[in-house]
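Could you put the whole structure together from the sequences, leaning on the hints where they help?
Heads up: the sequence lines are chains P and Y, in that order. Counting from 1, position 186 in the first sequence corresponds to residue 186 in this note's numbering; the numbering is continuous, with no gaps. Counting from 1 along the second sequence, just add 1000 to a position and that's the residue number in this note's numbering.
Just so you know, these hints were derived from the structure itself, not from any lab. From a predicted model like this one, the values you see are computed outputs, not experimental measurements. Treat the hints with caution; some may be incorrect.
[Said to hold, decoys possible] Not everything, but these chain Y residues come out facing chain P in the computed CB check (under 8 Å):
(1) Gly1252
(2) Leu1273
(3) Trp1282
(4) Arg1303
[As the list claims (entries may be wrong)] Distance windows between CB atoms, simulated:
(5) P/Pro398 x Y/Glu1161: 50 to 60 Å
(6) Y/Arg1010 x P/Val407: 21 to 31 Å
(7) P/Arg76 x Y/His1030: 49 to 59 Å
(8) P/Leu86 x Y/Glu1329: 28 to 38 Å
Ideal placement from N, C-alpha and C gives every residue a C-beta, glycine not left out.
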Amino acid sequence: MVEGQTTHPRIVAMVLAGGRVGELSVLTLARPKAAMPFAGHYRIIDFPLSNLMHAGINHVGILSQYRPSSLIDHVRVGESWDFIGLERGAKILPPFRGAEASDWYRGNADAVYRNLNYIHDLGAELVIVLSGDHIYRMDFLDLIRFHLEREADLTIAFKRMGQRVSQRFGYGRLDADGRLVSYEEKPAHPRTDLASLTIYVARVGPLIEALERCVRLESYEFGRHVVPQMMSTHRVFGYEFTGYWAYARTIDLYFEATGDLIRGELDLDAWQIRTNLYDGGVASSPPPRIQAGAQVRESLVSPGCEIEGTVIGSVLSPGVRVGPGAVVRDSIVFHRSSIEAGAQLERVIMDKDVRVCSGARIGGPLGEGMTPGADSPTALGITVIGKGTVLSSSSRIPPGSVLPPGVAHEERR
Amino acid sequence: MTPPAAVDMRNSIAILLAGGEGSRLNVLVHRRAKPAVPFGAIYRIIDFSLSNAMHSGLERVGVLTQYMPYSLADHVGLGRAWGFSGRTREAKILPPHTGQRASDWYRGTADAVFRNMSYVRRHHPEFVLILSGDHVYRMDYAAMVADHARAGADATIAVLEVPIEEASNFGTILTDDTNRIVGFEEKPPVPRSNLASMGVYVFTRKVLEQEIEETVAHQGLTDFGKHVFPLMLQSGRHLQAHRFHGYWQDVGTIRAYFEAHMEMLEPGSRIDLRGWQIRTNWNEHRGGDRPPARFGRSAEVDRSIVAQGARISGTVRHSVLSAGVVVEEGAVVERSILMHDVHVRAGARVREAILDKQVEVGPGAVVGGEGPLEANHRFPLHLDGGQVLIGKGSCVPADAMIERNSILFPFVTLPRGDHSHIRAGQTIGDID
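So this is what it looks like as C-alpha cells:
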C-alpha cells in the first residue's frame, strides 16, 4: 500500500495499441496488431484487457493511432470487460493536434506523455503501461504488490526467454532483491535471457518527471530512454514472470503462437479471456455445426462455423464455412471466409471474407530445398491471403506467397 | 421471410407469458420455467419469441413470470441481447405482485394479462400482442399486426394448419372464407377444422381493456382460449385468424423436445437457427467467456452441433452439445442432447439421452440404448420414447448402466456397484 492508504492506490492503465509493424504483412494493412484476430473469436487486445479486468483495474486508456477503427469497434466503451459504471471507464485516446509540435505520437513514451492529463484527471497514484499486442495471462495484482513492497518507482515485468532470445527485446539483470542493475535495449548480442515484456508499473510523480526530462531531450521511447533515465535517479525493479507469453509480431510468430494454442499451452478457458461478442457477429451466430462426413481434429472452431469437409490442426474464426471434400490443414482462417467444396488449404493464414472456390489449392509445406524469397515476410513458408480476396478454382498458390486484400485472383503462373 | 409490413410497430407492445410450468418436461423443468429450458445448445426456448419480437420491430416486451423465475430473470435481464436497450426499448420482467384480492397467483393467461394491465396502459399502445415463451418458431409479428389493422379486427389469433388427425389435441378454430373466426372447439374429439391456435394474439388495446375487465374482473374467468375469445364471439366482436405457414413446434414434451433436436441436425432442417437469426443472452453462465469449441487428436464428430467451450476427444454423432461439454477419449455420444458442462469420461457411452447441465458420466458407464422399450413406470406419460433423462448435476458412476426410459432426478449421485444398474423405466431420486 502507498503510505497513509488503507485501500488500493488509484491506478490507471495505459495500453499501447497503436503500432503497426510491417512484418505482419497484409494482415495489418487495415488494423493495428492489437486488433489482430487470435484463437477464433478473440482479438489480441482481449488478453491485456482481460488481465486488467481480473486485477480490478477499472480505468483504461488505450493509445491508438494506426487505423483505429477496428479497435474502436471492438473495445467500444469497454463494457465487455466491465469497464463501465461509476468510477470505471475504458477510453480510446487518439492522437490530437497539440498547441505545438507534431501531432503523431513520436514513440511509446511520447504517447503516454501526451495523455498525462488522463492520468491527472483520475488522480491516479500508480500507472501501469502495457502493450496491447501480447498474448498472456498475468496477475497484475501480484505485479503491483511486488512494486509496492519494494517501494519501487518503476517496476518492469521480465521473462526468461531461453531459446527464444532475440535482438527485439530489452534485456536486464536483477539483484537478489529484484532491483534492476543493468539494462540494454535491443542489444546485438544479449548478455542475459531476461527480457522485458514492456509491462511497466510506475508511481505517477517520478514517471512524469522522467517523461518530461526525456521529451525535452527529444527521447520518446520507454525502453531506450525512460528506463535508463529512471535507473539513474529512481528505484527501478524487475518482476519475473514465468507464465506463457507470446508476441505475435511476425507471420511466423503468429503462426507459432497458434500452434501453442492448438497444443494446449494456452488454456483460454482457465485464463477467462473475454472478448466483445458483438464485434464479429459472435453474439448473433448459432453454435458451430459439424455435418455428416466431416472430420475435425486438433482444431478450434468458433460460433457460426459450418463444416462439411476436413479440418485438422487449424483455428477457425466465426462464420467460416468448409465445404464437402475441402481440406483445411494447419491453417488459420478469419471471420466469414469460405472454403468451397474440394478446395485445399495448408499452412495458410487467411484474412476475413475470403472466398476460396471449389478445387483451389492454397499453400502447402515448404518443399525440400525451397526457401521463400528475400522479400517474403515468412521464413516458415506460410501463405498469407489478404481480406476479401476471391481465389478461383484454378488457383494454385505456392507456399510462402502473400496476396494483398481484395484481389480477385485468377491464376498464378 | 415475410416482407416487412407497412405498420409502425412502435405503436404495439408485447406481453410474453413466460409463467408456464411445462410439467411434462419432467426433470428439465425442475427449478426452471418451461420458457427457460435450454434448447439448441446455446438457446432457451423463450429466445425464439424474444428474437421474433426483436426482428418484428417491437420496442417493448413485458415478460410475465411466476413459476421459478430466477433463471428467466437472469436470462432476459433488460433485454439487451435482443436489442431492447435505449430510452424507449426494453424487455421487462413483470413478476406477480399482490393485487386487490387474496389469491395473488395468476389463475390463467387472461388473468395474468389482467393483472398487468397497468403496464399496458402506461405505454398506451394501439395494439397489444400476447405471446407465449413455449414454442420453437420464427414468425413476423408485424405481418400479423398489419393483418389485424387491415381487417379492422378487435382481436386476431395466429393459426397453423395441423394434420386433421392431430387436431383433437389443440384448440381449433373455425373460419369463414375471409379468415374471420366463426367458432371455437377446445380439443374436439371429432375436429371440424384443422386450424390450431398458436397462442399468439393481437388485440386492439381498447378492446383488450374492455374485454379483459368484463371477463376476468366481472365474470371471474381466466383464460383467453377458453373464456375470452368465445365470449367475444358471442357478443359480436370481430375476431380474425392470421394464417401462419412456417415451422412451429410446441416442445413441451420429452418426445417433442428430443425429436425437434434430432430434426435440427438434419441437412435442410426446417429449424434454421442461422436463417432465423435467433439471439440469446451470452453473458449468462459465462457463455461469452468461453473459448471456441476444441477438438482433440482422436475426436470424431459427425452431424452434430458443438457449442463454445466444449472439448471433444471422443466420438460424437448426431448430437447437440452445449457450452463447456467435455467428451473424453474413447467415449461415444450418439443421438443425445448434452447441456452445459456435462462431462462424459473416458470410455463411457451415451446413446439416446438428455443430460441436463453439469451431469457427470463416469468412465466406462453406459447411458441409454440398452434394455427393453417400456415406458417409465412412474411417469409413463412423460417418457416412453426410449430416451434416458438425467437431471441437473447428477452423477453416473464408473461402469454404471442406465437403461432406456429411466429418469435420474437432479443432484442424484448413484452409488457404485450393484445399485448402479438402473433397469428400463425406473426413476431414481425425488423432487425435494
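Note whether the CB distance of P/Arg76 and Y/His1030 lies within 49 to 59 Å or breaks it.
-> Between P/Arg76 and Y/His1030, where Cβ atoms are some 38 Å apart, the hint is violated.
C-beta pair P/Pro398, Y/Glu1161: status relative to the range 50 to 60 Å that was hinted | 58 Å, holds
With respect to the beta-carbon atoms only, verify the hint that P/Leu86 and Y/Glu1329 lie 28 to 38 Å apart.
-> 49 Å, violated
Should the hint that Y/Trp1282 touches chain P count as held when the rule is a Cβ pair under 8 Å?
-> Holds. Min distance 5 Å.
Is the hint on Y/Leu1273 kept, meaning its closest Cβ partner in chain P is under 8 Å away?
-> 4 Å, holds
With 8 Å as the cut and Cβ atoms as the points, is Y/Arg1303 at the interface with chain P?
-> Holds, because the Cβ-Cβ distance from Y/Arg1303 to chain P comes to roughly 4 Å (cut-off 8 Å).
Outcome of range test on Cβ distance (Y/Arg1010, P/Val407; 21 to 31 Å) = 45 Å, violated
Identify whether the interface hint at Y/Gly1252 stands, where standing means a beta carbon of chain P within less than 8 Å of its own.
-> 23 Å, violated
The structure shown violates the earlier hints numbered 1, 6, 7 and 8.
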